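Model the placement of chain B on the given structure of chain A, informed by the hints.
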Amino acid sequence: MALLDYRNDMQRCSRCSLCKWPPLAQIKSWRFSNVCPSMVWGNFHAYSAGGKLIAALSLLDGRIDYSDKFLEIVYQCQMGGACDVSCKVTRDLEPLEVMLELRAKCVEDGQLLPAHMVMIESLRNDDNPMGKLKAERGKWAEGLDVKDITREKADVLYFAGCRYSFDQDLWGIARGAVTLLKKAGVDVGISGKEEACCGGRAYEMGYRGELTKYAEHNIETWNTAGVRTVVTSCSDCYGTFKYHYPKVGKTMNFEVLHITEYLDRLIKEGKLKPTRKVPLQVTYHDPCHLGRLSEAYIPWEGVERKVLGQIVIQDPPKEFRRGTNGIYEPPRDVLKSIPGLELVEMERIKEYAWCCGAGGGVKEAYPDFALWTAKERIEEAEATGAEALVTACPWCERNFRDALEQDGEKMKLYNIVELLLEAL
Amino acid sequence: MALTRNVYQILEDIVGPENISEEPVILDSYAFLWLAETVTDSKFFTRPEAVVMPGSTEEVQAIVRACNRYGVKYKALSTGWGPWNAPGDEGVVQVDLRKMNRILEIDEKNMYAVVEPYVIFSQLQVEAMKRGLTCHIIGAGANTSPLASCTSMSGMGLSGISMSYNARNPLAVEWILPTGDILRLGSLGCGAGWFCGDGPGLSLRGIMRGTHGAMGGLGIFTKCAVKLYPWPGPRQMHFEGVSPGHVAAIPQNFRCYVLSFPSWDSFADAAYKIGEAEIGYVMGKQIAAGIVPLMAARSPTEYAQIRESGMADEIMQEFRYALQLILGAHSLREIEYQERALQEILAETGGWIPSPTQDPERQKTTFRMMIKVDGNSAIFRLSGSFGTSFGAETSCDAAMVHARLGEEIKKKYIEKGVIADDGAEWAWGAEMNEHGRFAHIEELFMYDPADPESAKGAAEFIEETSLLTAKQAPGLAIWELARGGLGPKAHDIYGPACSNYHVWQRRIKKAFDPNFSADATFYIEPEE
Numbered sequence: 001m002a003l004l005d006y007r008n009d010m011q012r013c014s015r016c017s018l019c020k021w022p023p024l025a026q027i028k029s030w031r032f033s034n035v036c037p038s039m040v041w042g043n044f045h046a047y048s049a050g051g052k053l054i055a056a057l058s059l060l061d062g063r064i065d066y067s068d069k070f071l072e073i074v075y076q077c078q079m080g081g082a083c084d085v086s087c088k089v090t091r092d093l094e095p096l097e098v099m100l101e102l103r104a105k106c107v108e109d110g111q112l113l114p115a116h117m118v119m120i121e122s123l124r125n126d127d128n129p130m131g132k133l134k135a136e137r138g139k140w141a142e143g144l145d146v147k148d149i150t151r152e153k154a155d156v157l158y159f160a161g162c163r164y165s166f167d168q169d170l171w172g173i174a175r176g177a178v179t180l181l182k183k184a185g186v187d188v189g190i191s192g193k194e195e196a197c198c199g200g201r202a203y204e205m206g207y208r209g210e211l212t213k214y215a216e217h218n219i220e221t222w223n224t225a226g227v228r229t230v231v232t233s234c235s236d237c238y239g240t241f242k243y244h245y246p247k248v249g250k251t252m253n254f255e256v257l258h259i260t261e262y263l264d265r266l267i268k269e270g271k272l273k274p275t276r277k278v279p280l281q282v283t284y285h286d287p288c289h290l291g292r293l294s295e296a297y298i299p300w301e302g303v304e305r306k307v308l309g310q311i312v313i314q315d316p317p318k319e320f321r322r323g324t325n326g327i328y329e330p331p332r333d334v335l336k337s338i339p340g341l342e343l344v345e346m347e348r349i350k351e352y353a354w355c356c357g358a359g360g361g362v363k364e365a366y367p368d369f370a371l372w373t374a375k376e377r378i379e380e381a382e383a384t385g386a387e388a389l390v391t392a393c394p395w396c397e398r399n400f401r402d403a404l405e406q407d408g409e410k411m412k413l414y415n416i417v418e419l420l421l422e423a424l
Numbered sequence: 001m002a003l004t005r006n007v008y009q010i011l012e013d014i015v016g017p018e019n020i021s022e023e024p025v026i027l028d029s030y031a032f033l034w035l036a037e038t039v040t041d042s043k044f045f046t047r048p049e050a051v052v053m054p055g056s057t058e059e060v061q062a063i064v065r066a067c068n069r070y071g072v073k074y075k076a077l078s079t080g081w082g083p084w085n086a087p088g089d090e091g092v093v094q095v096d097l098r099k100m101n102r103i104l105e106i107d108e109k110n111m112y113a114v115v116e117p118y119v120i121f122s123q124l125q126v127e128a129m130k131r132g133l134t135c136h137i138i139g140a141g142a143n144t145s146p147l148a149s150c151t152s153m154s155g156m157g158l159s160g161i162s163m164s165y166n167a168r169n170p171l172a173v174e175w176i177l178p179t180g181d182i183l184r185l186g187s188l189g190c191g192a193g194w195f196c197g198d199g200p201g202l203s204l205r206g207i208m209r210g211t212h213g214a215m216g217g218l219g220i221f222t223k224c225a226v227k228l229y230p231w232p233g234p235r236q237m238h239f240e241g242v243s244p245g246h247v248a249a250i251p252q253n254f255r256c257y258v259l260s261f262p263s264w265d266s267f268a269d270a271a272y273k274i275g276e277a278e279i280g281y282v283m284g285k286q287i288a289a290g291i292v293p294l295m296a297a298r299s300p301t302e303y304a305q306i307r308e309s310g311m312a313d314e315i316m317q318e319f320r321y322a323l324q325l326i327l328g329a330h331s332l333r334e335i336e337y338q339e340r341a342l343q344e345i346l347a348e349t350g351g352w353i354p355s356p357t358q359d360p361e362r363q364k365t366t367f368r369m370m371i372k373v374d375g376n377s378a379i380f381r382l383s384g385s386f387g388t389s390f391g392a393e394t395s396c397d398a399a400m401v402h403a404r405l406g407e408e409i410k411k412k413y414i415e416k417g418v419i420a421d422d423g424a425e426w427a428w429g430a431e432m433n434e435h436g437r438f439a440h441i442e443e444l445f446m447y448d449p450a451d452p453e454s455a456k457g458a459a460e461f462i463e464e465t466s467l468l469t470a471k472q473a474p475g476l477a478i479w480e481l482a483r484g485g486l487g488p489k490a491h492d493i494y495g496p497a498c499s500n501y502h503v504w505q506r507r508i509k510k511a512f513d514p515n516f517s518a519d520a521t522f523y524i525e526p527e528e
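Here the protein sequences line up with chains A and B, keeping their order.
Under this note's numbering, the residue at position 98 of the first sequence is numbered 98, and the numbers go up by one with no gaps.
Under this note's numbering, the residue at position 289 of the second sequence is numbered 289, and the numbers go up by one with no gaps.
Just chain A, with the same shape it has in the complex (with noise of 0.2 angstroms):
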């Protein structure tokens, strides 16, 4: 698809600004009644998902031009895809398709963010978007008695991701997921450095060749070693494998599982057995890439067709990903497994979850406006009495880490596997 395919799209946009709400059921209070972060940071009203599929129809049409302020609309935005969920409770359109598809033209048009160019070289020069030595990547794990899947076979390959790779904070959640597996008997293998990015921040910043390039590579890789299951604690990585590489054509002849999901699933099967209290009230914040984006790819190839006058349908009937799908109970289950642990509830969850601030490229570019989204999520878990705010993405633990630290927040951080690994 193209950004021409979508103008329907752009011009049934009715601009109720739904998108800049959660779906309005969920709305408990005035004070997290936004879901947008791009549009509560930008204001006018071309911030919003609407008002980007407005800017696009636009500039199809050959009304505007690119310019700075057109490019910080576009790229001032995690496309964490709330505003896609909120649209969807009532339409068929497709706003986040149209907003990766803008960032796309820009990038084919050479409109390009001198921050993303940067990630872009350190990817194309050493697998990795963070400006880090492709030899260092596998450093997280040393001393770990773990297999190399380069080297030798294991059901289970551990990928650990550009960001757990890379970001010495937060090494000790990839080693403790790899422990976590290790305790439950999986048979775990990782590729060391020779690991490579999954290619879906690139992809959410418009370069659509270094998708197909990794995506390709990745899953050539991964059949070749013969893994039944591929496990990653990345949400980003996670939403990548299940939306974004099926579209390249290749078979994947494994499973996916976001560690999550594999721990909810071995303490189901009573491999692991959380018994140490861990006495904490906890909130739960939920990715963007684990929760809404992480819907399985659906394959659709037709046409849009008229019936009944002007009734819109598509032939084959198109099956729209609304955020139902999104992976939302194992990570609560495996928090409620916890003993002494209780779980409270922010007001903005799962499929309409507040994003942490740190994807699309917008920590990189926009570090402020990263920050400040992060910022009104921690107020957020705050409201809700918890000592602690707990995720499974090291980009959200990245950005919550920064913002609390910024602003010398007393609450504490968790990611899951922490909080598991002290009950066992």
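Be careful, since some hints might not be right.
As the list claims (entries may be wrong) - In silico SDA-like pairs for lysine to any residue, Cα to Cα no more than 25 angstroms straight-line:
hint, chain 1, residue 1, chain 2, residue 2
1, A, K318, B, K411
2, B, K471, B, E18
3, A, K375, B, S309
4, B, K411, B, S499
5, A, K182, A, G192
6, B, K412, A, G192
What the hints assert, rightly or not - Partner residues aside, some chain B positions facing chain A, computed with beta carbon under 7 angstroms:
hint, residue
7, R5
8, I26
9, A142
10, P234
11, H238
12, F239
13, E240
14, V242
15, F380
16, R381
17, P452
Calculated directly from the structure, the hints in this document are not laboratory data.
Only a predicted model underlies this, so the values are computations on that prediction, with no experimental measurement involved.
Note that CB positions come from ideal geometry on N, CA and C, so glycine has one too.
Below, chain B alone, put in the same frame as chain A:
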């Protein structure tokens, strides 16, 4: 006609550089509006010259005064849903009130809330419910502004039966007149707080908004006290499910019904009787027969399959004269009384409760939609857009006359293929306001805004139905909708049939806005 640098600088000095823009990408997002293609042959109205985003009454006042001084027109909007939010012509500054988004006060004892322009109904409702109160929500949906519908624009909705419509619900108001003077209407004007919208002296509420509101043509409203009503439900509603299938638990003291009738006449009789019995909490003809099959389908494609197979014909007929009703009571004994009263009304009017609607899960969905008013934009789903036309605030019997006439006109356009075939039915609304004092009706139709032929047909449909309203049907037409089809002379067409209201409206415009600064395109042109 771009703003002069001097005027731009003056506006920038008022709101700060981050709150003003003349970037084309931003301006176009204000020119693009629902129904635009039925007026302009494009998705866009005229671009505003700039968008300014004030954060306070003082800033709004300064903007209005600057516009008066330098001969620039202005047009304010809150959530901005609908063509009446657009600048009518070149040379207009758009005043986006988004930053004025606070609920300033909820007076539980006196049952009102003071809101700024960008508060939406959903926000107000959840905060009110925490105090055992709720607000009337307009039919457009809970994503719109209570202040806007109270002060400036229509205000009909399904809860009108027990909470009236939003011409009745504003109390004291803070109003920046077209000249920039601040008028504090009602009790606020004599320092007595927000509790009353009238006095001291003559009430100006009629001038402020009349039946339908000036849609920005008489200045800008910056604060409004909105009447609240008892909410006998839980302080926080509980929802089950994940998008898009949220359903609401129905409390024991509520009932949710779909009621069907054999004809428009019995439909109207039942509506009157429900109003007279004062048992309705929320009521209206929200779910059209043509939409009912969508409830059994997962997609428009499945909907079309069901319709084309003929499987839906019987169902659509059963729902042709149907309304949805929620009963709400303060005790179980009261709800039992209401149920008995309703059963008697059904027996007297030949009405029945269609069996598919007795499914508890469907009732939960209907309950959510009617209390939260969160699903109405689903009517965009089948064809990409809908239009509304040809309506009135009138007696329920007269509304049924509208409905019949609407069916006849709609059939022609369905046959042409320019609007969706919804069975030539869909007199939406048919709400009974104030326990039956008057009804509201709109003739809805579905069209595709991405299809120029369909958009053209939609424009013709609006025009034809609007003219028919002036010629044949009793009751006050819905001006803001007819304006699209009939253009600037809409009022001159309707006025003679309605006590020459247009003459008075022009006088009001001239008296309150001597410089014609407030863009009055959707209110009334100052000159005939």
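For each hint, the structure was consulted:
1. A:K318 x B:K411: Distance of about 30 angstroms is beyond 25 angstroms: violated.
2. B:K471 x B:E18: 50 angstroms, violated
3. A:K375 x B:S309: 54 angstroms, violated
4. B:K411 x B:S499: Violated - the C-alpha atoms of S499 of chain B and K411 of chain B are around 32 angstroms apart, more than 25 angstroms.
5. A:K182 x A:G192: 17 angstroms, holds
6. B:K412 x A:G192: Judged against 25 angstroms, a Cα distance of about 70 angstroms means the pair is violated.
7. R5: Because about 18 angstroms separates R5 of chain B from the closest Cβ in chain A, which is outside the 7 angstroms limit, the hint is violated.
8. I26: Result: holds, 5 angstroms to nearest chain A Cβ.
9. A142: 5 angstroms, holds
10. P234: 12 angstroms, violated
11. H238: 10 angstroms, violated
12. F239: With a closest approach of 6 angstroms, the F239 of chain B hint holds.
13. E240: This interface hint is violated because 11 angstroms lies over the 7 angstroms limit.
14. V242: Since the shortest Cβ distance to chain A is 5 angstroms, the answer is holds.
15. F380: 6 angstroms, holds
16. R381: Holds, about 6 angstroms.
17. P452: 10 angstroms, violated
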